[in-house]
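Novice: Chain by chain, the residues:
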Amino acid sequence: MPPTEYDIVIIGSGPAGATTARVAAKLGLRVLMVDKRQELGAPIQCSGAVSRHALEACGVIPVAEFIHESIYGFGIYNVAGEKTTIDYRQLKPSEYGHQNGQKPLGYVVDRRRFDRHLMTLAERAGAEVWLKTEGLSYQTDGSEYCQIQLRRFNQPIQVKAKVLVGADGLQSQVGKWAGLRTHIKITELASCLQFIVDGVKTDGLLEIITGHHWAPGGYAWVFPKGHGYAEIGLGVICTMTKKNAQWHLDQFMQQSFFKERFQNARILEIQGGGVPLAAPLRTQYAEQVILVGDAARHVNPVTGGGIHTALSGGVIAGEFLAKLIKSGAPATAENLKGYQDSWLDQLGHKMWQLYEEKTQIFRTDDIDERDRLLFQTMSQYFSPYSEYKKI
Amino acid sequence: MSKEAVIFKIGWNACINCGACVAICPQEAGFISAFDTIAVDTPCDIACMLCEDICPVTTITHVAAVNGNGVF
Ligand SMILES: Cc1cc2nc3c(=O)[nH]c(=O)nc-3n(C[C@H](O)[C@H](O)[C@H](O)COP(=O)(O)OP(=O)(O)OC[C@H]3O[C@@H](n4cnc5c(N)ncnc54)[C@H](O)[C@@H]3O)c2cc1C
Ligand code: SF4
Ligand code: SF4
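Order-wise, the sequence lines are chains A and B. According to this note's numbering, the first sequence is numbered sequentially starting from 77. According to this note's numbering, the second sequence is numbered sequentially starting from 70.
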């Protein structure tokens, strides 16, 4: 049997891949999306905070299936525990709150259910999805279709596509297959650990704790997780500390100004991951290949948030590919550059600015001054007047 | 690079499958174990040790690989 032909094959069904698949399929492309996992989103490598605006702007209606808890604002702390509160229930009570007619600012989602939901939306839009299917390699030979090797429940399978989309997350191999420069510097990948706990109170705010003493190179967080649970975590840059994230998290829970608040914390889940506080890839396309989401380092370099940027990147990629493929133009690297240009216009240039800001902060040698800058930047970032509010 | 090749060992009991080691690794594509960590059965000749540094629970260790085959 000759290999099945698709317009696009997407490797990875996270927020980036599933959104690319949904948008492209809705616009009439033949789409195959594969993911090597048996249950999307698991093991969880994410805290799950995402704004309502981000979901709605990308065509995802917030539903109970994936929402752990609604969020109404932020609490930003400096190293000593002084707090800037940005509570939209007080700032804009006509819009934000729990009452009828009011809405949440955002949500903490369950990535297992969220990713499954996004996959369902893609399937309902007409995309074909295979789980337990790993992308292994691809070849281009200058013809209309590239060849892609997959393994599905141990079976080797070959398929053909006009464009291969690498939405395979931070550990992206597709970028390496295509010879793109995907390497992240050790000074720009935060090593993160988080506990889901019972016995710690929260109040509808995402709490962010800055300060080199607690989380060198990154920050710590306390998020509401629904059902009375909370999520306590942090990320560190390993070149800025001799200890690992686990040590810092223990230290934060036992020694910080929150130690009384945390004293009855009982750990229900343990999760971790890497967060690139890096610049987006300079080149996110190659011959018949594009990258989207974490694979292209579409992550906010100040907050480390990557769900919104993965969703938006997916919309941009899906729309661009539909237009290109329907026009009959070949998917050469030259033509696919248009995807990156469009992404830069809509999102990327702002992310580069954020990257410059973040770099300035962490280039400051004086620890007190650096702490002050990070606290100030975080406080401004989440304020209603931030120019970056929509990233 | 004149660094000695190494073979990695992962303490699976502590590994939380976070993928950070793979994300930082400059090896060519496919240097991955069946559990989505860096490879454990193949010698690494780059030996930059970034995977060990990034691991949030410090559960990666190494031994010198001899003739590319490793001493287990
Ligand atoms: C500890 C932690 C906390 C975070 N907290 C937040 C937060 O609160 N808010 C926020 O916005 N962001 C957060 N992030 C970032 C966010 O998780 C990512 O930016 C987001 O998941 C990126 O989505 P993606 O679709 O690009 O990739 P992913 O979600 O990583 O999806 C990639 C998919 O590709 C699949 N895959 C990989 N390789 C292959 C292959 N060869 N074949 C088949 N399938 C493959 C994987 O199985 C996976 O399903 C956090 C990250 C970490 C580590
Ligand atoms: S030592 Fe460096 S190159 Fe070798 S596996 Fe670890 S991170 Fe990869
Ligand atoms: S970085 Fe450590 S905990 Fe994470 S997957 Fe690799 S070995 Fe496991």
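Please note that the accuracy of each hint is not assured.
[Claimed, not checked] With a Cα cut of at most 30 angstroms, we get these calculated DSS-like pairs of lysine-lysine:
(1) A/LYS168 to B/LYS72
(2) A/LYS318 to A/LYS102
(3) A/LYS319 to B/LYS72
(4) A/LYS208 to B/LYS72
(5) A/LYS426 to A/LYS236
(6) A/LYS208 to B/LYS78
(7) A/LYS252 to B/LYS72
(8) A/LYS236 to A/LYS252
(9) A/LYS179 to B/LYS78
(10) A/LYS319 to A/LYS159
(11) A/LYS168 to A/LYS277
(12) A/LYS318 to B/LYS78
(13) A/LYS252 to A/LYS179
(14) A/LYS277 to A/LYS261
(15) A/LYS413 to A/LYS236
(16) A/LYS261 to B/LYS78
(17) A/LYS208 to A/LYS277
(18) A/LYS112 to B/LYS78
(19) A/LYS426 to A/LYS179
(20) B/LYS72 to A/LYS261
(21) A/LYS236 to A/LYS277
(22) A/LYS252 to A/LYS112
(23) A/LYS102 to A/LYS236
(24) A/LYS252 to A/LYS277
(25) A/LYS399 to A/LYS112
[Stated by the list, open to error] With beta-carbon atoms standing in for the labels, derived distance ranges:
(26) A/LYS426 to B/PRO95: 27 to 35 angstroms
(27) B/LYS72 to A/VAL139: 13 to 21 angstroms
(28) B/GLY80 to A/ILE343: 18 to 26 angstroms
Derived by calculation from the structure, the hints in this document are not laboratory data. Glycine residues also receive a C-beta, built at the ideal position from the N, C-alpha and C atoms.
Novice: Each of the hints needs a verdict: does it hold here or not?
Specialist: Right, here's what the structure says about each hint:
Of the pairs offered as hints, the one joining A/LYS168 and B/LYS72 is violated, with about 59 angstroms between alpha carbons and a cut-off of 30 angstroms exceeded. For a cut-off of 30 angstroms, the pair hint linking A/LYS318 to A/LYS102 is broken: about 50 angstroms separates their Cα positions. Between A/LYS319 and B/LYS72 the CA atoms are separated by roughly 25 angstroms; this keeps the pair inside 30 angstroms, and the hint holds. Of the supplied pair hints, the one linking A/LYS208 and B/LYS72 is violated, its CA atoms being roughly 37 angstroms apart against a limit of 30 angstroms.
Our distance criterion of 30 angstroms between C-alpha atoms is broken by A/LYS426 and A/LYS236, whose separation comes to about 35 angstroms. Straight-line distance between C-alpha atoms of A/LYS208 and B/LYS78 comes to about 26 angstroms, which keeps the hinted pair within the 30 angstroms bound. With a C-alpha separation of about 23 angstroms, the suggested pairing of A/LYS252 with B/LYS72 holds against the 30 angstroms cut-off. Between A/LYS236 and A/LYS252 the alpha-carbon distance is near 19 angstroms, which keeps this suggested pair within the 30 angstroms criterion.
Taking the CA atoms of A/LYS179 and B/LYS78, the gap is near 49 angstroms; set against the 30 angstroms cutoff, the hint is violated. Restraint check: the Cα-Cα separation between A/LYS319 and A/LYS159 comes to about 27 angstroms, which is no more than 30 angstroms; the hinted pair holds. Distance check on the hinted pair: A/LYS168 and A/LYS277 sit about 24 angstroms apart at the alpha-carbon level, within 30 angstroms; holds. Restraint check for A/LYS318 and B/LYS78: satisfied, since their Cα atoms lie roughly 21 angstroms apart, inside the 30 angstroms limit.
Of the supplied pair hints, the one linking A/LYS252 and A/LYS179 is violated, its CA atoms being roughly 42 angstroms apart against a limit of 30 angstroms. For the proposed pair A/LYS277 and A/LYS261, the alpha carbon gap of about 36 angstroms is over 30 angstroms, so the pair is violated. For the suggested pair A/LYS413 and A/LYS236, the alpha carbons sit about 21 angstroms apart, so the restraint of at most 30 angstroms is met. Between A/LYS261 and B/LYS78 the CA atoms are separated by roughly 23 angstroms; this keeps the pair inside 30 angstroms, and the hint holds.
Restraint check for A/LYS208 and A/LYS277: not satisfied, since their Cα atoms lie roughly 38 angstroms apart, outside the 30 angstroms limit. A hinted pair counts as satisfied when its Cα atoms are at most 30 angstroms apart, and A/LYS112 with B/LYS78 qualifies at roughly 24 angstroms. At roughly 27 angstroms between alpha-carbon atoms, A/LYS426 and A/LYS179 fall within 30 angstroms of each other, so this suggested pair holds. At roughly 20 angstroms between alpha-carbon atoms, B/LYS72 and A/LYS261 fall within 30 angstroms of each other, so this suggested pair holds.
Restraint check for A/LYS236 and A/LYS277: not satisfied, since their Cα atoms lie roughly 52 angstroms apart, outside the 30 angstroms limit. The suggested pairing of A/LYS252 with A/LYS112 holds, with an alpha-carbon distance near 18 angstroms, which does not exceed 30 angstroms. With a C-alpha separation of about 20 angstroms, the suggested pair A/LYS102 and A/LYS236 falls inside the 30 angstroms cut-off, and the hint holds. With a CA separation close to 44 angstroms, the supplied pair A/LYS252 and A/LYS277 exceeds the 30 angstroms bound.
Between the alpha carbons of A/LYS399 and A/LYS112 the distance comes to roughly 28 angstroms, so the proposed pair stays at or under 30 angstroms and holds. For the pair A/LYS426 and B/PRO95, the beta carbons lie near 29 angstroms from each other, so the given range of 27 to 35 angstroms is met. Judged by the Cβ atoms, the range 13 to 21 angstroms given for B/LYS72 and A/VAL139 is violated: they are separated by roughly 52 angstroms. Between B/GLY80 and A/ILE343 the beta carbons are some 19 angstroms apart, a value that agrees with the proposed interval 18 to 26 angstroms.
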